[in-house]
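Colleague: If you read the protein sequences in the order shown, they are chains A and B.
Residues in the first sequence are numbered consecutively from 11, following my numbering.
Residues in the second sequence are numbered consecutively from 11, following my numbering.
Check the hints yourself; a few may be wrong.
As the list claims (entries may be wrong) - With a straight-line cut-off of 25 Å between C-alpha atoms, the simulated DSS-like cross-links for lysine-lysine are:
id, chain 1, residue 1, chain 2, residue 2
1, B, 76, A, 168
2, A, 136, A, 170
3, B, 13, B, 101
4, B, 209, B, 249
5, B, 199, B, 170
6, B, 168, A, 76
It is worth saying that the hints were derived from the structure and are not from the lab.
2 protein chains.
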Amino acid sequence: MNKLYVWVNDSLIPSEEASVNISDLAVQRGYGIFDFFETVEGKPVFLEDHLDRFFRSAVLMRLGVKQGRDEIRNRIMELIKKNNLGDSGIKIILTGGFSPDGFSIAEPNLIITQQEFQIPRAMLEKGISIITHEYQRQFSDAKTLDYLQAIWLQPVLKEKKADDVLYHSNGLLRECPRANFFIITKDNKVLTPGSEMLKGITRKHVLEISAGMYETEARDVSMDELRNAKEAFITSTTKNILPVVQIDGRTLGDGMPGEVTRTLAKEYNRIIYGS
Amino acid sequence: MNKLYVWVNDSLIPSEEASVNISDLAVQRGYGIFDFFETVEGKPVFLEDHLDRFFRSAVLMRLGVKQGRDEIRNRIMELIKKNNLGDSGIKIILTGGFSPDGFSIAEPNLIITQQEFQIPRAMLEKGISIITHEYQRQFSDAKTLDYLQAIWLQPVLKEKKADDVLYHSNGLLRECPRANFFIITKDNKVLTPGSEMLKGITRKHVLEISAGMYETEARDVSMDELRNAKEAFITSTTKNILPVVQIDGRTLGDGMPGEVTRTLAKEYNRIIYGS
Chain A
11 MNKLYVWVND SLIPSEEASV NISDLAVQRG YGIFDFFETV EGKPVFLEDH LDRFFRSAVL
71 MRLGVKQGRD EIRNRIMELI KKNNLGDSGI KIILTGGFSP DGFSIAEPNL IITQQEFQIP
131 RAMLEKGISI ITHEYQRQFS DAKTLDYLQA IWLQPVLKEK KADDVLYHSN GLLRECPRAN
191 FFIITKDNKV LTPGSEMLKG ITRKHVLEIS AGMYETEARD VSMDELRNAK EAFITSTTKN
251 ILPVVQIDGR TLGDGMPGEV TRTLAKEYNR IIYGS
Chain B
11 MNKLYVWVND SLIPSEEASV NISDLAVQRG YGIFDFFETV EGKPVFLEDH LDRFFRSAVL
71 MRLGVKQGRD EIRNRIMELI KKNNLGDSGI KIILTGGFSP DGFSIAEPNL IITQQEFQIP
131 RAMLEKGISI ITHEYQRQFS DAKTLDYLQA IWLQPVLKEK KADDVLYHSN GLLRECPRAN
191 FFIITKDNKV LTPGSEMLKG ITRKHVLEIS AGMYETEARD VSMDELRNAK EAFITSTTKN
251 ILPVVQIDGR TLGDGMPGEV TRTLAKEYNR IIYGS
């Protein structure tokens, strides 16, 4: 693999030299936010949406971003040029900064990294299996560094041979740790939770597509509605639309990705990949 | 100030050179645990209790500690000798390690830092003012790096001119972000929450002292009991026993630290400082 470069504040440096002092509030207190987007053939996908959300997360978590939006966009473009990857993922992390007392927010550190990866350009034919887990993310409208629950659950997923986990709280669906969740009702309504979860960029664009084709609602979705759902899928930057065919060991429909999911995935992929 | 040394894994280095690569799971996902104890005149206070809790937190959060207990204790002693401070605080952080995929737990990084500080050896005469806030810490029995809520609330405390915040959930008291909470009822019962919060080392020793002097219970304590309390105090490594005299703008009793609080503080300080 080629040596990859990353930004740490104003320095574009090889990733193995990229470090932060241990006084950073991310190391001391897990405090920070981030965003993540993909590049396809060297071009960022929905970059402005992700920058919108990055700055919104920063405001929600009281982090001042020293760099302007143009400056961050320029650094991203310079990083893409320097690393010269094809398809990739780019992560922008903003930490709480070097805090003298280890508790107060300081001047944030801005880190931008890139890693190579290829997202399958056709929808996965098989679909995935998920389990459900009671949990409500704190500061759910911000993309914070808090993934304690998600990381802690990984061995549980492995044990239950599940691919992902769906959080729910007070009888309502929320989200997967790194994806949003959609169901399709028996009468072809497309539903996704409307609050108390991170509003994904893929979710946003899928909602737009879906609204033109099906009755579509972003609102509270109950566990009962999940049990009665005909189809389900998750959406994320790294997975696009990914069908869910098993939930807590129960198979949805005939165990194959359903028609509405296929139709939406086809349309979404056409927008992202132009084919 | 003298140059302070810290341990980063096997290296004892000046703190300004102490850094972790940005691929560490603390920077990527806020994942890690820690513990914190004080030294008085160069001697660790309740070190074995803190090591017990450190290893328990690690197990709860699925982090493997490569170093043995004796090795960590030896490093602490070497750090104390090297920095040669009098009274200080020592923090042991265990992060999720350098994670190739930025999501899976790797070999943890062990960081041990020390900072000078003096805890007032007599109980504060004035007492503090607190506000209450609905919140339940996740993985509450582990001392994780998750202080999102506490750090986010700091401007709120400032605005309300409060010194600390008491979390409560479902009508029950939990804890302060960095301290445990006790109340004294009108009939001199000493009560502190018994579950769903971090079990502090100071709390443990105060409970032992209190059980020999007053009717003492560690069990669910309701917001109603808080409203009817005669006295209240918090306990922590950096604050020992600190009286609370105002809660959400309401003054407790005559606004002065009460008799039970004073008695317990005097006894606790005698154990810690021998006077």
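Colleague: Decide, hint by hint, whether the structure agrees.
Modeller: Hint-by-hint comparison with the structure:
no.: 1; hint: 76(B) with 168(A); verdict: 24 Å, holds
no.: 2; hint: 136(A) with 170(A); verdict: 18 Å, holds
no.: 3; hint: 13(B) with 101(B); verdict: 17 Å, holds
no.: 4; hint: 209(B) with 249(B); verdict: 15 Å, holds
no.: 5; hint: 199(B) with 170(B); verdict: 30 Å, violated
no.: 6; hint: 168(B) with 76(A); verdict: 24 Å, holds
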